[in-house]
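> Please work from the sequences and hints to get the whole structure.
Next come the chains, spelled out residue by residue.
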Amino acid sequence: MIIDINFIGLIIASIMASAVPLILASCGELITERSGVLNLGVEGMMIIGAISGFALMTVTGSLIIAVFGAMLAGVLISTIFAFLTQTLITNHVATGLALTIFGIGISAMIGKNFVGIPGKEFPVLFEGLKDTIPLLGPILFGHSIVFYFAFSLPFITSYFLKKTKIGLIVRAVGDSPESASNQGINVRLVRYACILYGGAMSGLAGAYLSMIYTPQWIENMTGGRGWIALALVVFSTWNPIKILIGAMIFGGLTIIQFHMQAIGVRIPVQFLTALPYIVTIIVLVVISRDSRKIRLSTPSSLGKSFHKDN
Amino acid sequence: MIKIVKRDQPSRAIFFFTPVLAIFLTLVAGGLIFFILGFKPFEALKFFFIVPIADKYGFSELLLKATPLCLIAIGLSFCFKSNNWNIGAEGQLTFGAIVSGGVALLFYEQEGFYILPIVILAGAIGGMLYASIPAILKTYFNTNEILVSLMLVYVSKLILDYLVVGPWSNPEGFNFPETRQFSDSAKLPLLFEGLRIHAGIFLALSAVVISWFVFYKTYLGFQMKVSGFSLKTAKYAGYKGKKMIILVFLISGACAGLAGVGEITGPIGQLHREISPDYGFTAIIVAFLGRLHPVGIIFASLVVAITYLGAETAQIFMQIPKYTGQVFQGMILFFLLASDYLLFFKIKFIGSKK
Numbered sequence: 001m002i003i004d005i006n007f008i009g010l011i012i013a014s015i016m017a018s019a020v021p022l023i024l025a026s027c028g029e030l031i032t033e034r035s036g037v038l039n040l041g042v043e044g045m046m047i048i049g050a051i052s053g054f055a056l057m058t059v060t061g062s063l064i065i066a067v068f069g070a071m072l073a074g075v076l077i078s079t080i081f082a083f084l085t086q087t088l089i090t091n092h093v094a095t096g097l098a099l100t101i102f103g104i105g106i107s108a109m110i111g112k113n114f115v116g117i118p119g120k121e122f123p124v125l126f127e128g129l130k131d132t133i134p135l136l137g138p139i140l141f142g143h144s145i146v147f148y149f150a151f152s153l154p155f156i157t158s159y160f161l162k163k164t165k166i167g168l169i170v171r172a173v174g175d176s177p178e179s180a181s182n183q184g185i186n187v188r189l190v191r192y193a194c195i196l197y198g199g200a201m202s203g204l205a206g207a208y209l210s211m212i213y214t215p216q217w218i219e220n221m222t223g224g225r226g227w228i229a230l231a232l233v234v235f236s237t238w239n240p241i242k243i244l245i246g247a248m249i250f251g252g253l254t255i256i257q258f259h260m261q262a263i264g265v266r267i268p269v270q271f272l273t274a275l276p277y278i279v280t281i282i283v284l285v286v287i288s289r290d291s292r293k294i295r296l297s298t299p300s301s302l303g304k305s306f307h308k309d310n
Numbered sequence: 311m312i313k314i315v316k317r318d319q320p321s322r323a324i325f326f327f328t329p330v331l332a333i334f335l336t337l338v339a340g341g342l343i344f345f346i347l348g349f350k351p352f353e354a355l356k357f358f359f360i361v362p363i364a365d366k367y368g369f370s371e372l373l374l375k376a377t378p379l380c381l382i383a384i385g386l387s388f389c390f391k392s393n394n395w396n397i398g399a400e401g402q403l404t405f406g407a408i409v410s411g412g413v414a415l416l417f418y419e420q421e422g423f424y425i426l427p428i429v430i431l432a433g434a435i436g437g438m439l440y441a442s443i444p445a446i447l448k449t450y451f452n453t454n455e456i457l458v459s460l461m462l463v464y465v466s467k468l469i470l471d472y473l474v475v476g477p478w479s480n481p482e483g484f485n486f487p488e489t490r491q492f493s494d495s496a497k498l499p500l501l502f503e504g505l506r507i508h509a510g511i512f513l514a515l516s517a518v519v520i521s522w523f524v525f526y527k528t529y530l531g532f533q534m535k536v537s538g539f540s541l542k543t544a545k546y547a548g549y550k551g552k553k554m555i556i557l558v559f560l561i562s563g564a565c566a567g568l569a570g571v572g573e574i575t576g577p578i579g580q581l582h583r584e585i586s587p588d589y590g591f592t593a594i595i596v597a598f599l600g601r602l603h604p605v606g607i608i609f610a611s612l613v614v615a616i617t618y619l620g621a622e623t624a625q626i627f628m629q630i631p632k633y634t635g636q637v638f639q640g641m642i643l644f645f646l647l648a649s650d651y652l653l654f655f656k657i658k659f660i661g662s663k664k
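So the sequence lines, in the order shown, correspond to chains A and B.
1 is the number of the first residue of the first sequence in the working numbering; add one for each residue after it.
311 is the number of the first residue of the second sequence in the working numbering; add one for each residue after it.
Certain hints may be false.
[What the hints assert, rightly or not] Calculated pairs, DMTMM-like style, for lysine to aspartate or glutamate (alpha carbon to alpha carbon, straight line, at most 20 Å): (1) B:K632 - A:E219; (2) B:K552 - A:D290; (3) B:K356 - B:E622; (4) A:K130 - A:D4; (5) A:K304 - A:D175; (6) A:K112 - B:E622; (7) B:K632 - B:E622; (8) B:K632 - B:E584; (9) A:K242 - A:D290.
Derived by calculation from the structure, the hints in this document are not laboratory data.
What follows is the structure in structure tokens.
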């Protein structure tokens, strides 16, 4: 059997496409966590982004407004989380859960009028170059701008954290809010910013799902991707480059599951669907087993509230 | 001028007052949302919170929905008190239902007084088994219990789906995704003619009594409280941390499993795809709203159960989407967490003049 080399390219490209929302949301959450805040509301922010993007696209007809609107929606909903955890000093875990429950409810409420409406075509870049290079052509070319942004984001994030002053401040706030505060850094402000940034990226991840990946609105369409994104941050040991690897593994699991169904592998479909969740657990176990390594790479103040008495 | 002052000690009166405040604020915000959606706020709130429980049937439905919420929340309070974040009760409920449903199907077309206790026990064991996964991974592999317990929710729902579509589906069921109906001996008895409220409520009430006793009258409860406040102190006092983690997860899993049994052997009477409208997640809110206190949880489960009924009623009478229920649930938790600020801080009005 001769396998068309371009077909392999297409499969890799589809794996990358399904990794995009995970990369976006994980990189956003990574910055939030690096500043010491654990936001478990990723799933909620993502679904809000998905419905906002789709609704704005349908109503305004403008893709640009829709994409930025989805990010803004993510920012707005994460503001609730930021206000509660930073200003009112609430528990991060409980507040994040509330955000997810609230987000799923609100999205379904808004989305009621958008069920069954077909999406719009999202423009792709370098379409013409697809056939110029075998194998690499379909991998490199013919994707949306969000796709390219997502695959550069881990590198940008890594550069930001390691090489820029603001990145250093974020890490300082996450590792030792007390010393950062003594240095005159406004811990609360930095954390606010990091939470809102995480919200924007989750919103974008959601918009990618509802506007580009599967252009339509389905209730609960994020289907646990927000939680997998959270797991990916642990998997990466808070290193953005490793998020790329993790997201590709999970993207691969999703795509392989489709292909196995297509070629008629006799495994019940439910087991294939469960695979990403089971693999997430196994990967978490493998990564976390070395508790010393985890302790070294986890932002020291992760999930702990910080309050400065004035 | 308003000044915010830190309290010397968290206020105990406010500790039990803030849940009431949170409910009130949720109603105000809910009214506002209804107004934005173009409904008359007071009418909508009436349909949401009063109409559903205005008659005997409605009240029975309220207790029916509150039963699993209360049961699961009691279990979760063991976990939350000792700082273990089990958020996968929905999965433990589902797996408990699967195991007990499987046992009930074994006794298909058989009658006998012994069947129901076995079925109930099977559900509790199923829930415990499922909860033991995040517990063991947390204690021996240092794995984050939040993510593991949550991932297992998705897995349990897929297992259930596989079973009711495939091997356990009713052979005479025209390929509907459901099992056979359980025999009468495997069903919880109904309490009143014509109402759906069933004996499962006694399971919930006994869980309340037992948990109250454990929390406030035993050394174990004391240990849990200490570990919740400070793990360091608990370790210093020589408490066995690992055993405690596994124990609270098992208790919580058993409660969730029993809630699953209550659903399938009560109102449903068989296994199918949707055995729980996210009771396991909503119960997290119930546990917090009830302040992790057994009696508080009873009241909280009743309040939150209304959001389920209200969502259904409002959908039928006003075409308000049923997800409004979830929005209300999220808001209750938001407002509760926010008003906890008053526990630690006082707002002082200085120099106010007319």
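> Next, verify each hint and record whether it holds.
Evaluated hints:
For the proposed pair K632 of chain B and E219 of chain A, the alpha carbon gap of about 12 Å is at most 20 Å, so the pair holds. Distance restraint check for K552 of chain B and D290 of chain A: the Cα-Cα separation of roughly 17 Å lies within the 20 Å cut-off, and the hinted pair is therefore satisfied. Only pairs whose Cα atoms come within 20 Å are accepted, and K356 of chain B paired with E622 of chain B is accepted, the gap being roughly 13 Å. For a cut-off of 20 Å, the pair hint linking K130 of chain A to D4 of chain A stands: about 15 Å separates their Cα positions.
Taking the CA atoms of K304 of chain A and D175 of chain A, the gap is near 11 Å; set against the 20 Å cutoff, the hint holds. This hinted pair checks out: K112 of chain A and E622 of chain B have alpha carbons roughly 15 Å apart, not beyond 20 Å. At roughly 6 Å between alpha-carbon atoms, K632 of chain B and E622 of chain B fall within 20 Å of each other, so this suggested pair holds. As the CA atoms of K632 of chain B and E584 of chain B are separated by approximately 16 Å, the hinted pair is consistent with the 20 Å bound.
For the hint pairing K242 of chain A with D290 of chain A, the CA-to-CA distance comes to about 17 Å; that is within 20 Å, so the pair holds.
Hint compliance for this structure: no hint is broken.
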